[in-house]
Amino acid sequence: DTGVSQNPRHKITKRGQNVTFRCDPISEHNRLYWYRQTLGQGPEFLTYFQNEAQLEKSRLLSDRFSAERPKGSFSTLEIQRTEQGDSAMYLCASSLKGNSNQPQHFGDGTRLSIL
Amino acid sequence: SQKIEQNSEALNIQEGKTATLTCNYTNYSPAYLQWYRQDPGRGPVFLLLIRENEKEKRKERLKVTFDTTLKQSLFHITASQPADSATYLCALGDSGYSTLTFGKGTMLLVSP
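Protein chains in written order, with the numbering used here: chain A, 64 to 178; chain B, 4 to 115.
It is possible that some hints are incorrect.
So these bits of chain A aren't anywhere near chain B, every CB distance computed over 10 angstroms [unchecked claim]:
1) 70
2) 79
3) 80
4) 81
5) 82
6) 117
7) 124
8) 128
9) 137
10) 149
11) 156
Quick list of in silico lysine-lysine cross-link-like pairs, DSS-like style, CA-CA up to 25 angstroms [as the list claims (entries may be wrong)]:
12) 6/B - 120/A
13) 120/A - 107/B
14) 107/B - 74/B
15) 74/B - 6/B
16) 60/B - 160/A
Just so you know, these hints were derived from the structure itself, not from any lab.
The beta carbon of each residue, even a glycine, is placed where N, CA and C say it ideally should be.
Based on the sequences and whatever the hints tell you, model everything.
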């Protein structure tokens, strides 16, 4: 399968714990995005990378959130000191660089549940 | 502030009919618009992209229109099938940015 891969698919943790998610984009895609989606809502942009550079961050991305893409390939999203409000589906997408009108291809997400 | 509106109520149609979904936006001048399909528990799947200078785009049974004067896009599925049942999301993008702003989506239910 050459699509976007996300791990784990599900994560259940207690409030206050740290969690880390991984995203492996489509291999030739140099842009990688993180979104968050809650029930009944569309995905909301969190941050995006072009190769290893983090080029944009949403105001939704509080100080407890950090994302990395160390070698311009896979990416990790870490949430520290999780809160109830962090419960959501975290989606990763990738696209080719080019003009900005490139479709983004999504993984199936990591569903985070905070107890 | 920017606002994207999609039909909040589910659209129920019979197999074989044409489904039409609406995406309206305000306080926004997108350079392009994308439509995605999302099944429960899965990520969105890209369907079609239409640019601001394009009026209409087609792909197999799918058709998208983009009216920048009305600030509206219509998404049509002809000869609908039960397998088309899903939530359909519209997403808008700016020319200078790579990020997408999504609507809440419309659930389509196609009954046999």
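Hint by hint, here is what the structure shows:
{"no.": "1", "hint": "70", "verdict": "holds (13 angstroms)"}
{"no.": "2", "hint": "79", "verdict": "holds (27 angstroms)"}
{"no.": "3", "hint": "80", "verdict": "holds (23 angstroms)"}
{"no.": "4", "hint": "81", "verdict": "holds (24 angstroms)"}
{"no.": "5", "hint": "82", "verdict": "holds (19 angstroms)"}
{"no.": "6", "hint": "117", "verdict": "holds (12 angstroms)"}
{"no.": "7", "hint": "124", "verdict": "holds (12 angstroms)"}
{"no.": "8", "hint": "128", "verdict": "holds (16 angstroms)"}
{"no.": "9", "hint": "137", "verdict": "holds (17 angstroms)"}
{"no.": "10", "hint": "149", "verdict": "holds (19 angstroms)"}
{"no.": "11", "hint": "156", "verdict": "violated (8 angstroms)"}
{"no.": "12", "hint": "6/B - 120/A", "verdict": "holds (20 angstroms)"}
{"no.": "13", "hint": "120/A - 107/B", "verdict": "holds (21 angstroms)"}
{"no.": "14", "hint": "107/B - 74/B", "verdict": "holds (17 angstroms)"}
{"no.": "15", "hint": "74/B - 6/B", "verdict": "holds (11 angstroms)"}
{"no.": "16", "hint": "60/B - 160/A", "verdict": "holds (22 angstroms)"}
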